[in-house]
Amino acid sequence: MTIKIYEYQARELFKEYRIPVPSAILSDTPDNVFQAFDSFKEKVLLKGQVLTGGRGKAGIIQIANSPEEAKSKAKKLLGMSVKGFSVKSILVTEFINIQSEYYLSVTIDRDSSEIILIVSKAGGMDIEEIAETKPELIKKITLFGVKGEINEKELIECLSELFEKEIIEQAKVIVQNIYKLFREKDCSLVEINPLARVEDKLIAADAKIVFDDNGIFKHPELLEFQNPEEYTNDELQAREAGLSFVSLEGEIGCMVNGAGLAMATMDCIKLEGASPANFLDVGGSSNPEKVINAMRILLANKNLKAILINIFGGITRCDDIAKGIMQARDKLGITLPVVIRLIGTNEEAGRKMLNDAGIKALRSMPEAIKEVVSIVAGGR
Amino acid sequence: MSILIDDKTRVIVQGITGRDGSFHTEQMLEYGTKVTAGVTPGKGGKKVGTTPVFNSVEEAVNETGAECSVLFVPAKYAASAIREAAIGGIKLIVCITEGIPVQEMLELYHALKRKNIRLIGPNCPGVISPGKSKVGIMPGHIHKPGGVGVISRSGTLTYEVVYSLTEKNLGQSTCIGIGGDPIVGTGYIELLEMFENDPDTESIALIGEIGGTAEERAAEFIKKTVQKKVVAFISGRTAPP
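Taken in sequence, the protein lines are chains A and B. Take 1 as the starting number for the first sequence in my numbering and just add one per residue. Take 1001 as the starting number for the second sequence in my numbering and just add one per residue.
If you are wondering where the hints come from, they were derived from the structure by calculation, not from laboratory data. Don't take each hint at face value.
[To be verified] Quick partial rundown of chain B residues pointing at chain A, CB under 7 Å, derived from the structure:
(1) Pro1074
(2) Ile1087
(3) Ile1100
(4) Gln1103
(5) Leu1106
(6) Tyr1109
(7) Pro1125
(8) Met1138
(9) Thr1156
(10) Leu1157
(11) Thr1166
(12) Pro1182
(13) Gly1212
All values derive from a computational prediction rather than experimental measurement. Backbone N, C-alpha and C fix where the C-beta goes; we use that ideal spot for every residue, glycine too.
With the sequences and hints as input, model every part of the structure.
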């Protein structure tokens, strides 16, 4: 399961962990934005809320100097979209006079298997860009590694290279609180960019949290953060059925077990000159029900010209898959051509069931891919 | 020779009474693996087929002298089951379970390194030394004894590669699925090193995935250290960003 959250939701968690944030009001209509302006002085920041990054570049963060200006800008913002995500709400935020900006995040370093803090004085910019162009501006500090957790003294020492004396205590507390949030909510990323210095105070001017999908079962309290709009309809159905699914533009529906094989299948379809309509991993230990659900989701796509089922059974058993295929055929009335490749654990039993039902199943993946591509090409 | 496991390796199965645990115990025994016992807390004294079940790893190890454990324990309990295996005296832990919280794995990773206990996985198909022993969920019959060492981050894609190797009459010394999670017990480099030092491994096949930089680091290591021929494949050219 995946939960992606908006900045305004991440801010709520920041507040819970006593990480200072500017005051703000969430609004979803131009009139509400107009009213919200009243709560601030003479200037506000309008921050369009979307479940993706690069908002500054996309132009959905704007300054407004009057309630009228705020309202008219809000009208435009609420119609915009970034990378396919449309702006449905605006965070009307107190305008702060930033003296300097830092970048600060806690994440997992896969190379060293450690929890690390990434800090930079080049805040407010794209951190990946800085990592490429000016890596010397980025400092990585191990918060949890071979020796366990970092102690307070070591942390202050590391931070003193980046923060001025008068704000170092605040920086330390913020790092401790982000780390606490990171650990307690099973996050894979907690990011503040920028962490703004306003006079002698540090404020998290933006908030980003990514949760570890595998940890969500431990946190029922996070379910209230779920945003159904982060998925397309078929992705939502797939999620409910426990399948990993991403829709694409092509015409061949794919049902594969295992992400690696699913990607290799898509690669091969492309190499043969056709296009996959989706990525779908039915996962391990597939029961027949999963196959039916997967088929239902594939069939909902009206662009589909053929379906390829590519199963190499390990923990997935071919006889379970065969049962699912037969039940799907009976229940769903499939009229599209279906090419099946079935091999691996309990292969004999699975193939026999299909053969007895008059369904052909291939053993070779290249053969199956050539066949499904030729069907689609023939229909053009 | 082979790496990690051979025909003498004694194996226990944690989570042996579950659907997958019991099924794959049978499959491993059929392949010739020395499965000596199973562990499911509260089900000690029972049997799965002919395999005795114990309440704890410690008991199972004391009774059978096993040095290797394979886990089919649900994600919720997997981290504590791995910890129990480590405390119980197991030297090689193979964790099939997928969906273990990453931070739980991260803590375990360092704890196991300190104790010098090897973990393969989690979220992996396991290890097989064809013709000798199979500790995992891969279909045994597609393998064939021989000289190719296989290391892979993927599950089913490994089967695909092994199947093609066998079809071309290229047998395998040992095949390892390292697992697809951000934190895995054993990475490419340690296994490349083991294959490089294994006299029966003539060449190495490495199967990667997109995401992370583990493949890049493996490539550097191969360039610097590995004398044997390595062929690598990464899927996902057409994957959406």
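Verification of the supplied hints:
1. Pro1074: violated, 10 Å
2. Ile1087: violated, 18 Å
3. Ile1100: Cβ of Ile1100 (chain B) sits 6 Å from chain A, so the hint holds.
4. Gln1103: holds, 6 Å
5. Leu1106: holds, 6 Å
6. Tyr1109: Because about 5 Å separates Tyr1109 (chain B) from the closest Cβ in chain A, which is inside the 7 Å limit, the hint holds.
7. Pro1125: holds, 5 Å
8. Met1138: holds, 5 Å
9. Thr1156: Given a least distance of 3 Å, the restraint on Thr1156 (chain B) holds.
10. Leu1157: Where the cut-off is 7 Å and the nearest Cβ of chain A is about 3 Å from Leu1157 (chain B), the hint holds.
11. Thr1166: Where the cut-off is 7 Å and the nearest Cβ of chain A is about 12 Å from Thr1166 (chain B), the hint is violated.
12. Pro1182: holds, 5 Å
13. Gly1212: The hint holds - Gly1212 (chain B) has a Cβ within 7 Å of chain A, the shortest such distance being about 5 Å.
Hint check: violations occur at hints 1, 2, 11; the rest are consistent with the structure.
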